[in-house]
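Enquirer: Sequence:
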Amino acid sequence: MEERSRLSHELHDTIGHTLTSLIVGVESLRSSVPNSQIERIDSLVGIAQHSLVDIRKHLHQLSHTPLNHSLSESLRQFTEDFMKSTGIMVKFRVIGSETLVMQKINFCLYRCLQESLNNAVRHGSASLISVQLYFESQQLRLQIEDNGIGMEEIQFGFELNGMKERLKLFHGTVSVHSEPEQGTFVICNIPLQTEPAHDTIRLLLVNDQVIITDSLKQILDQHTDFNVVGTARDGGEALEHCERSQPDIVLMDISMQGMSGIETLLEMKQRWPDMKVVFMTTFEDSLQAATALEHGAEGYMLKSIHPREMKEALKLIYNGGIWIDQSVATRIFEEMKSQREQLEKIGSSQENFPYGLTKREMEILEHLSGGLRYKSIAAKLFLSEGTIRNYCSTLYSKLSVNNREEAIKRARKENIV
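Residues 1 to 417 in the UniProt record's numbering are what the sequence shown spells out, letter by letter.
If you are wondering where the hints come from, they were derived from the structure by calculation, not from laboratory data. Heads up, a few of these hints could be off.
What the hints assert, rightly or not - No farther apart than 30 Å at their CA atoms in a straight line, the calculated lysine-lysine pairs in the DSSO-like style are these:
(1) Lys380 <-> Lys337
(2) Lys359 <-> Lys413
(3) Lys375 <-> Lys164
(4) Lys269 <-> Lys398
(5) Lys359 <-> Lys269
(6) Lys164 <-> Lys84
(7) Lys269 <-> Lys91
(8) Lys337 <-> Lys359
(9) Lys375 <-> Lys168
(10) Lys337 <-> Lys375
(11) Lys398 <-> Lys413
(12) Lys168 <-> Lys398
(13) Lys375 <-> Lys398
(14) Lys380 <-> Lys409
(15) Lys269 <-> Lys168
(16) Lys84 <-> Lys380
(17) Lys398 <-> Lys409
(18) Lys380 <-> Lys413
(19) Lys359 <-> Lys91
(20) Lys375 <-> Lys413
(21) Lys380 <-> Lys398
(22) Lys409 <-> Lys337
(23) Lys375 <-> Lys359
(24) Lys380 <-> Lys359
(25) Lys409 <-> Lys164
(26) Lys217 <-> Lys413
(27) Lys269 <-> Lys217
(28) Lys337 <-> Lys269
(29) Lys91 <-> Lys217
(30) Lys164 <-> Lys91
(31) Lys164 <-> Lys217
(32) Lys380 <-> Lys217
(33) Lys375 <-> Lys409
(34) Lys359 <-> Lys409
Computed from a prediction, not measured in an experiment: that's the story for all the values here.
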C-alpha cells in the first residue's frame, strides 16, 4: 500500500504536472498561431488530455464518463442507444450553431433527456419521439415531444421533480404540456451566463509553477471579461496581493509549499469574506474537494479544464454559483451516500424509532420542531450544514414529506417528538 501511495504521488508530481503544463502552455499559444495550424494545436492538446485521463483512470480506478463529447454528440449518442434498446423511433435534431457548454450543464441536459424519454415510453406508451436541441443567443433549449397517450393533468411526481431541481441549479426551468391522446411536450431551458456587472472580473493567479501562472494569464488575457491583476507563488504572497488589489476571484493551486491552499483559503475568508476562491489541481481528490468546499471555497477544477469551460465556470462563480469538476462531484456524492447508509445502519441497530428513523435523525427532527434552522442545528451537533441537509433529505423521504414544515407537522401529529 505504501508503494502504491508513493507511486501515485510520483505520477502526480512528475507526469501529471508535465502534461498539465503542456496543455495549458499549448492552449496559451492558440491565439498566436495561423489558422492553418489550429488543427495541429487541437491534436496536441487532445493527445495530452487523453494521456492525463488515462493516468487519472489508473490512479483512481475510474471508468470513462459517457459525457466526454460535446453536448449534441452526447445527446445524439444517447438517443441512438435508446432506440437500439427499446425499438422506439427517436428523431434528433440540432438547431443553431453549437457552442461549448460546461460539463455540468451537459450532464444536466443529458439526465433531462434520459428521464423524458423514459417517461414517454413508460407512462405515455409513445412510439415516436422528437428531440430538438436549440443553441440560442441567450439560452439553451431542449424540446422533447412524443405521440403517446398524454395526460389530463401534469403531476410533478411524474419523475419531473428531479429535472426541475437539476435545472434550477443553473437558473433553468422545465415546462410540460400534455393533453389526453395528444402526447406530451417537454421544454427545458438553461440561460447562458450573463456578462459581469462591471467591465471585467478581476483575477489573482496563485501557483508555485511559473509556467502554469504565465500560461493561465495568457489564456485569460485573451478574453475581455477577465483582468489578471496579479500572480503569486505561495500563500503569503497571495495574501499580500489580495490586500493590495482586492481581486474578485483567487484562482489558486491547492498544493503549495509552505502555507497550504486550505490554510490560505481560511485566512482569505476571515479577512475578505466576499472574495471568491477557486482551487485548481492536477488530479481528482474527493476528500480534498469536500474539505475545500466545506471551508468556503467556491470552486474546485482540474488544470486540464478546457479554456472555454474555465471561462464559463469563472463567470458562474462570479455570479454566485459553485463549480466542481463533474467526476469529483460524482465521487463525493457516492461516498456521502455510502457513509449515510453506514450511519443509518448503526443507528437503526441501536434503537427502534418510528419510520425507521435513526437516533441522529430523531435528534435533528427534534431541533427542527424547536424552530432551529440547518445552520443552527449544524453548530449544535458540530457538523457541517451540508451534512445536516443530507440527514434532512433522508428524514423527509422516510416520513414521506417534501419539506421541513410537513415533517414538523407529521412529527407533532403522530407524537414522534
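Enquirer: Which of the numbered hints above does this structure break?
Expert: Numbers 4, 5, 7, 16, 19, 26, 29, 31, 32 - these are the hints that the structure violates, sorted from lowest upward.
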